[in-house]
Amino acid sequence: MNTAVNESVAKSGDSSRPSGIKARFKSPVATPLRFVLFLIYGIPMLWIVLTSLKSPSDVISSQSSFVFIPTLDAYSEALSNSGLYTALQQSLVIATGTVVLTLLLAIPAGYGLARVDSRITTVGLGMLIVLQMLPQTSNVIPLYQIFGQWNLLNTNAGVIIADTAMLVPFGVLLMRPFFRAVPVALEEAAKLDGAGTFRTFFSIMMPIARNGIATTGTLIFLLAWGEFLYAVNFFLTPNNYPLSALLAQQVSAFGIDWPGLMALAVITSIPIMVLFAFTYRLLREGLTLGAVK
Amino acid sequence: MPHSIRRLASRRQLLFAAPAAVFLTIFAIYPLLQLMRMSVSDVTVSTLNDPWQYSGLENFQTDFASPAFGETVLNTVIFVTIVTLLGLAGGLGAAILLSKSGRWTGFILGLLVFIWALPPVVNGSVWKFLLGSSGLFNSIGLETGLTTQPIPFLFDDSIALYSVALVNAWAVIPFNALVFRASIMGISPEVFEAARMDGASRWEEIRHIIVPVVKPTTLVLLVLTVVYGFRSFDFIYVMTFGGPGVATTTLPFLGYIQAFVRFDFGLGAATAVIAVAMVIVLAVLYARSVRREEANS
Amino acid sequence: MTNHSSPRRRSAALAAAAFATGALVIAGCTPDNGDASDAASGSSDSGTQTITVWHYFSDDNQVKVMDDYKDLFEANNEGATVENVFVPYDQLNSRLITGASTETGPDVVVFNGADASTLALGDVLAPIDDYWADFADAGQFPESVVHSLDGSAYAVQGYVNLLGLWYNADILAEVGVEPPTSIDELNSALDKVVAAGYSGITLSGLPNSQGEWQGYPWMSAFGFNYDDPQVQPLTDAFSMIQNWTDSGALTAEAVTWDQTVPFQTFAAGNVAFAENGNWQMGTAAATADFEYGVVPLPVGETGQVYLGGEGEGIGAFSQNPDLAWKYLSETYFSTEGQLIAADVVGSIPARADAAQDDAVTSNALLDAFATSIDSNGANYPSPAIAPESVADQQLEVGQVWSSVIGGQLTPDAAAEQVVTALAGLK
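Chains as they are written, first to last, in the numbering used here: chain X, 17 to 309; chain G, 3 to 299; chain B, 234 to 659.
Quick caveat, the hints were computed from the structure, so don't treat them as lab data.
Bear in mind that the values here come from a model prediction, so they are computed numbers and not experimental data.
Just so you know, even glycine gets a beta-carbon here, dropped at the ideal spot from N, CA and C.
Check before you lean on any hint, since a few could be wrong.
[As the list claims (entries may be wrong)] Estimated spans, in silico, between C-beta atoms of each pair: (1) G/Q55 / X/I136: 34 to 40 Å; (2) G/L148 / B/E376: 57 to 63 Å; (3) X/W166 / G/G143: 55 to 61 Å; (4) B/E418 / G/Q55: 51 to 57 Å; (5) G/E195 / X/Y101: 46 to 52 Å; (6) B/K297 / X/I136: 58 to 64 Å; (7) X/Q105 / B/S334: 28 to 34 Å; (8) G/V79 / B/E376: 45 to 51 Å.
[Claimed, not checked] Covered stretches of chain X, going by a simulated chain B footprint (3 or more residues, C-beta under 8 Å): (9) 69–76; (10) 152–163; (11) 170–177; (12) 252–258; (13) 261–267.
Using the sequences and the hints, build the whole thing.
Encoded structure:
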């Protein structure tokens, strides 16, 4: 099986001519299927947007109809909340910090585990899966105690470390196959040219795996962006809450402000869409660039 | 390449995993050990901050003796199976459909990312409304005459579990699709060109080019999706709270309820450890297949 | 290669920027980066007197009450500052308990009164016996709002929340029935409104404490109580509920409803009755465009309606418990403070003098709830359940309640299951 992988990737290494992508899969089945996919995800999104434009009394009475008087009240209320901008900044800092720290740890680890041929790999991978399995709720108390001792409570650093600890196993497991897909021969050739292990890693492996790095980074950013359990527990003052915790605030024991919740959901995902638009271009370039020269 | 040189290089590459190993030992292994210690201790809200009393396997016995526990395990297996199969198949399908660059692709991908980035309280609430008695799906069914009565998606004990599992699969597909897509995008266009010149149909392309290439990714996603299924409880929390009765209670939800509603931390930890043990079987299989893969290459 | 180098350089620059950001982040630039213990428990060392109040209110009106209390206290006490801290409802208890493990916590905790014993067991609350003994107005408060554990008082409720029977007056007028005062009247009213094409009643069937809280009035209406749990009254109560779901008076969808959605559904106008609380007055005024009213839940002589609401206590790790008590006695426990809450959110004052104030008695809706307190009010949770078993009892009964509404259990089996579960509690 792996020969197929290696061949295809190795071939892409020789290519510098972007072609044939547009023409791929012009099939009569693809378009209707794509439309179905669009519906499956578009309908709930439409519902979110419609609800955010309703007044609270219309939410239940017009559950499945499009007939209501739209209002921007929920948006103007959400946007007038002065905490929104601090929260947005907090979300950006926490998510960016988590991506950087997680990638710093997960990229080399993913590479190491992709290349090392020993029992340690087996144990390491199994361990990562077990760590991935830990319920987040059960990590709160032990981490709270550690952060308390290290004065990391109520700091961004604390939340970033907690998020990173949760996401590193995920990042390593995800990065590993991207490195596995790179033929060993390529690396060995570099070594014969006199490049050291570290230089090979930085100048050969990292560029080839950048599709995987970009994807993993994006996914980690999204996960860190939405994480709220650690944020609520490790920030002691609500002034530090990120957007995800503001969202949680819309749901209380005494009522759910549906339009407010949905409007805030739309607002919080705008930065996500900007990030996506950016990485989408990166990914497309990544493809046409080919791998290594 | 002589074997000895390969081995030497391998050893050095182990160093690359060292920072992550150190970091995880402090911030992830320590909580894991605490969880395991908790599962064999009598820890309730009044004893959490005192030295924990060792109680042997009592918490595990309490779980196994509970009348609803068998049903909970069965629910978990059904739930995880549906989420995994649909999540992987849907993810791969979506990735193949969206592997062509273009405006439509970008738009739909954006939609998937939008959905995936929303917290479960939003997505879960949306589906709760859509699947409700007067929600969109039932309204369409009634209007078009497909059904004569609203379908009790979330409150009939024989349907609710499947509904919640479907919504969870729906929520995990965007993630799998993004990863699959990244792996498909790594295939050189020339490979497809060559295949087309040989007159390969699209199905043949999928079977002979895409499927082999995404195989290692599939293995990882399989593990990640199963793990996701085994620890996901927020959709259940939002949509059914484990009900009606205990019809949609799965292990992670049970563990959450035990630890944070009943505040029996020891019992909740034992349930979490049982779930971890079920996944360890899978972890061993995964690590083994990885070893075999290593040996072959 | 030239066309390749530019994007690659761009990503390199990006990576550099990301690393720089990361370094900044790790260096720590948290907006409110006070010392952890300061933030959690208000420092009282230097002249500033700050008390921190943790609560789970996010509804506008309830937040306004918190703000009004803050203003009230700060105006009366120069140099004192109140910091209201919101913690999401689902997280409040676990955050308090986690904080106790490092001996940190707020000065004042406002929490779900039913969790008082859990929080007291978790060493989150300080005993308030001394303050309470010296409190001149303590006699104004009924016994049922003082939460004690092992003979020590830990929290008091400044007001009570309870369930009543909301009705849609327009629908009742159309089908020609009066608001019911007994179970029989309610059942016949439900038959009539269903025959006229309306939904009968909405309530919560969630398999947790909310379900138990909503189910208990109906169970006790047939003579059930936790002191001496019997199968027969439960069977009768559950049979009635399944009659409702069979006739269409109550939808089985209620098993997925917390207490919010059923009231929103009622307020949308197609339902005759809602079993819901006094805290919904704001929602009713804002969203219901029909005539509505409230009568006490028609649960008869044996029927019991829980007296819920938020408990207020002093954090076990407060640096300044005296000031925290002063805050409570001047806001939650004062006549003035309780009337603010009655006016803004429609809660029923716990103090006898405040409950007799014009502002409360002249409000027909509040009056119906106040009547219910007199005739059917019951301690929540039931004193018959040991404090450490309360959470189990609420969950087990809530799950059965859900199964009855969802139709998974017959009334007989459900009643048996409740009695067995209660016998198994510690």
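How the hints compare with the structure:
The beta-carbon spacing between G/Q55 and X/I136, approximately 37 Å, falls within the hinted interval of 34 to 40 Å. Separation of G/L148 from B/E376 is about 58 Å and conforms to the stated range, judged on CB atoms against 57 to 63 Å. The hinted range of 55 to 61 Å is satisfied by X/W166 and G/G143, whose Cβ atoms lie roughly 56 Å apart. Distance hint check for B/E418 and G/Q55: the Cβ-Cβ separation is about 55 Å, which falls inside the suggested range of 51 to 57 Å.
At about 50 Å, the beta-carbon gap between G/E195 and X/Y101 stays in the expected band of 46 to 52 Å. As the Cβ distance of B/K297 to X/I136 is approximately 60 Å, the hint placing it in 58 to 64 Å holds. The beta-carbon spacing between X/Q105 and B/S334, approximately 30 Å, falls within the hinted interval of 28 to 34 Å. Distance hint for G/V79 and B/E376: a CB-CB separation of about 50 Å, consistent with the stated range 45 to 51 Å.
With 4 residues having a Cβ less than 8 Å from any Cβ of chain B, the segment 69–76 of chain X passes the three-residue criterion, so the hint holds. Against chain B, the segment 152–163 of chain X contributes 5 residues with a C-beta closer than 8 Å to a partner C-beta. That satisfies the three-residue criterion, and the hint holds. Given a C-beta distance limit of less than 8 Å, the hint that chain B covers the segment 170–177 of chain X holds, as 5 residues qualify and 3 suffice. As drawn, the segment 252–258 of chain X meets chain B at 5 residues by the rule of a beta-carbon pair under 8 Å; at three or more, the given contact holds.
With 5 residues bearing a CB less than 8 Å from a CB of chain B, the segment 261–267 of chain X meets the requirement of three and the coverage assertion stands.
Violated hints are absent here; each numbered hint is respected by the structure.
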